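Asks: These are the residues of each chain, in order.
There are 2 protein chains.
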Amino acid sequence: MSDYAVTPRSEDFSAWYNEIVVKSDLVDSPERTPVRGCMIIKPYGYEIWEGIRNGLDQRFKATGHQNAYFPLFIPMSFLQKEADHVEGFAPELAVVTHGGGKELEEPYVVRPTSETIIGDAMSRWIQSYRDLPLLLNQWANVVRWEKRTRPFLRTSEFLWQEGHTAHATFDDAQAETMQMLDIYADFAINEAAIPVIKGQKSDQERFAGAHASYTIEAMMGDGKALQAGTSHNLGQNFAKAFDITYTDVNNEPQHCWTTSWGVSTRMIGAIIMAHGDDKGLRLPPRLAPIQAVVVPIWKNESEAAVVLPVAQELAAKLREAGVRLHIDTREGLSPGFKYNDWEMRGVPMRVEVGPKDVQNGTAAIARRDIPGREGKQFVEQSLVVARVLTLLDEVQAGLLQQATAFRDSHLHEVVGDYDRFTEIVRGGEWALTWFSGEAEAEAKIKEDCQAVSRCFPLEQPYAGQSGPCIVTGKPATRMAYFAKAY
Amino acid sequence: MSDYAVTPRSEDFSAWYNEIVVKSDLVDSPERTPVRGCMIIKPYGYEIWEGIRNGLDQRFKATGHQNAYFPLFIPMSFLQKEADHVEGFAPELAVVTHGGGKELEEPYVVRPTSETIIGDAMSRWIQSYRDLPLLLNQWANVVRWEKRTRPFLRTSEFLWQEGHTAHATFDDAQAETMQMLDIYADFAINEAAIPVIKGQKSDQERFAGAHASYTIEAMMGDGKALQAGTSHNLGQNFAKAFDITYTDVNNEPQHCWTTSWGVSTRMIGAIIMAHGDDKGLRLPPRLAPIQAVVVPIWKNESEAAVVLPVAQELAAKLREAGVRLHIDTREGLSPGFKYNDWEMRGVPMRVEVGPKDVQNGTAAIARRDIPGREGKQFVEQSLVVARVLTLLDEVQAGLLQQATAFRDSHLHEVVGDYDRFTEIVRGGEWALTWFSGEAEAEAKIKEDCQAVSRCFPLEQPYAGQSGPCIVTGKPATRMAYFAKAY
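Chains as they are written, first to last, in my numbering: chain A, 1476 to 1961; chain B, 1476 to 1961.
It is worth saying that the hints were derived from the structure and are not from the lab.
Keep in mind that the hints are not guaranteed to be accurate.
You can't tell identical chains apart in this list, so a pair holds if it fits in one copy or across any two.
In silico DSBU-like links for lysine-lysine, alpha-carbon gap of 30 Å or less [what the hints assert, rightly or not]:
1. LYS1498 - LYS1831
2. LYS1921 - LYS1577
3. LYS1498 - LYS1813
4. LYS1774 - LYS1673
5. LYS1577 - LYS1556
6. LYS1919 - LYS1851
7. LYS1792 - LYS1536
8. LYS1813 - LYS1536
9. LYS1556 - LYS1622
Quantities reported herein were computed from a predicted structural model and do not represent experimental measurements.
Produce the complete structure using the sequences and hints provided.
Replies: Structural data, given as structure tokens:
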């Protein structure tokens, strides 16, 4: 069994995931990582994160947000100021009790999220309506002590961005919340090629301390859901807990309305599980650290002397055209081994040049998104650059199309039939159904299906109408998706 | 006293620094920051850090380094593997004793630096000489519990990059160490406009666990030295402590040779103190978040109607030309107030447009590096873009030139005369003198001058010669700089 053999995805999705995150060189093996539940993100994995960071950061700045940096440590007393917030995060906290050789008077918490410490700063920075909106974002590491961890999906430390904004009115805060949800969806769909569904969380599933939580929900290759980003309208909960006030145009004191929103290294897990196949990763070209790899093929030195210069010239031209390119000139490895290697790493396109190609003035281009002969084409060398550029767009679109088709074939609308509903959800599919949103109703589904609501999608198929809640039978005004989730 | 009045730099440099870091909006007031010794970096300060980060990251990648990410937490036992290392860092550690509601079996340290946890990973990642060199870098936050803190200069948490590399030979490690020192010096000189001196640290001043430490030393506006970046040849110290080995071409096991190197948010402190004046910051154009500010001047609405469109058009053209530009259209503030404001923030250039300018088709351009009339010129509006672009280069060069002239006027060569030597160093100047490097000699200077050696400069004025050590009188082969330092 070669190094690149993995458990087939269809056989054991979970084992497949655990193997390919390591074999594609995204992270160090979790068993060998010496800090419980923390990740070592290797360069290839970190480059994907850099792509995500750049893509989001650009969108944040274009919409008037500014980056800042707040302390890693948060006084325990801050967390306790918002009752729901501390209740939600208390079980996951890492606590610093000693500093500089002494026991601290008040223990610090390693930030699990920064609403509290940023709320405290906002209360000092905001005086009048002229200071609003205040649009901040922070790129940071956060810590949530997790029992069962998996690279990217659930780790005790992870990297993320957390936006924190303050506004004069509820409507302004709501508009910001939706704007950021739209930005996340735009990024997920157009850069990560993941056809996420925008929606609102149920009261049970909303962020600890939020007035309303919105989410982009993605379907993974095993049918499970993954929350790939969230945007919260915090109402005045944190403004009241931290006394974030402003004087309005009439010189009256008012509490602000705040929001927060975040995307984390979890997005990498989403990309792996939305697109990967039995051969490894399939990375969307816009986020792929290497967009195309040139593999020169030779059997002996005289062939190498003919092939290598042509391959290198092609590589140089592709780089010049702006393609993130690698040329694999490693010796002592067969072309087949190299193909497997780059397929495992999910490189969207491979350009092969052998002695015959040199003779014919051609090269072979193989797409990662279409396996075998169907995804391979022979092209005149002079046309390789143009073709690769076109194909990168096609692969990007192809991955989104495949993921969308897969998603749509696993979405089911159910009205009234609870048995059918539980069958669908238990079977690992998504059910869209009328749902009252009550805690008891959601608890019953959780017990029956080991699943909770993912979201009330913003696009309601029967907007303005109502139907029988799948649990209570009472009229419900919105439909919700239910599915097992990561 | 207006909001922009600060203690003059010449009167009390320290008070001046503490005031302008807050008044120029780089950080939140340390007294109000709720976490002892940690910084809140505000957007304007963080943008300077983004400029530093981009400038360095580009240079790292161009020399083959890759970014990765390692855990925030380090097992206490890891730190103890390298004796000097733990001794150096033990007094400054923050310790996590509880996670997820339970006491941890082994306490974790919040990373003060990552040689140990990265050394452990290297021991797993490196097998053969083919895996070398391994060239890693990490952008991260680190924590060192400090008693007395000042924003950017000494804080319990700070942001930095830490490079960590492994090599097959001592020479390779040494070449890497010097390459990174050169990159730091290039960045400091050409982007931050700080004429740093490259040199080697004495044995007493080298990094805890290093074989040899190199530094870029900068002179601040009060004559004190600031270590603005360091590059360490770690020899085989960490390779032996963490068993980082490779098999060489003869299939023999060998220990690697490793390096580490870092630049932190301290660089922002260096920029403030190297260039700032009584009016506030003076930012080098290459790192300034705002390179030029357009200030339209009007007294009433009819003037505003004439001036604003012209100012806005100029602003648009400057932006289009790639200038990081801000236009200050705030109402109810006098032009003088706005000038003070942008001078405090160190914006390199100001473009003023008033009703008379509109009549004459001109604008006034004022340089931040040259005060008063001398730094001001009137330019035809059609020439503003070209002139601003030229002047940005001139301001960049001007700041470097001013800092270099200041530095050179405070460097003194002393041979043999210990009284003169102590007088110079105690007086806040730099003395370059023959120095044996012995611990006792350095301790005596420390007692007499409250200063230690800054470095043995790489450029020795009498290379190949020797002279009498300033303390022992014994022949010394190198001269060293001594100065009080931050």
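Asks: Now look at each hint and say whether the structure bears it out.
Replies: Hints versus structure:
Within a single copy, LYS1498 and LYS1831 get their C-alpha atoms no closer than 32 Å, and across copies no closer than 69 Å, so neither meets the 30 Å cut-off. Proximity of LYS1921 to LYS1577 under the C-alpha cut-off of 30 Å is restricted to the inter-copy arrangement: shortest distance 28 Å between copies versus 46 Å within a copy. Within a single copy, LYS1498 and LYS1813 get their C-alpha atoms as close as 14 Å, which meets the 30 Å cut-off; across copies the closest is 58 Å, which misses it. Taking identical chains as interchangeable, the C-alpha atoms of LYS1774 and LYS1673 are never at most 30 Å apart, the minima being 53 Å within one chain and 50 Å between chains.
Taking the shortest alpha-carbon separations for LYS1577 and LYS1556, both the intra-copy value of 26 Å and the inter-copy value of 23 Å come in at or below 30 Å. With identical chains, the CA atoms of LYS1919 and LYS1851 are never at most 30 Å apart, being 51 Å at best within one copy and 75 Å at best between copies. Proximity of LYS1792 and LYS1536 under a CA criterion of 30 Å is satisfied inter-copy only: 20 Å between copies versus 33 Å inside one chain copy. In this homomeric assembly, LYS1813 and LYS1536 come within 30 Å of each other (Cα to Cα) only across copies, at 25 Å, whereas the closest approach inside a single copy is 40 Å.
Taking the shortest alpha-carbon separations for LYS1556 and LYS1622, both the intra-copy value of 26 Å and the inter-copy value of 28 Å come in at or below 30 Å.
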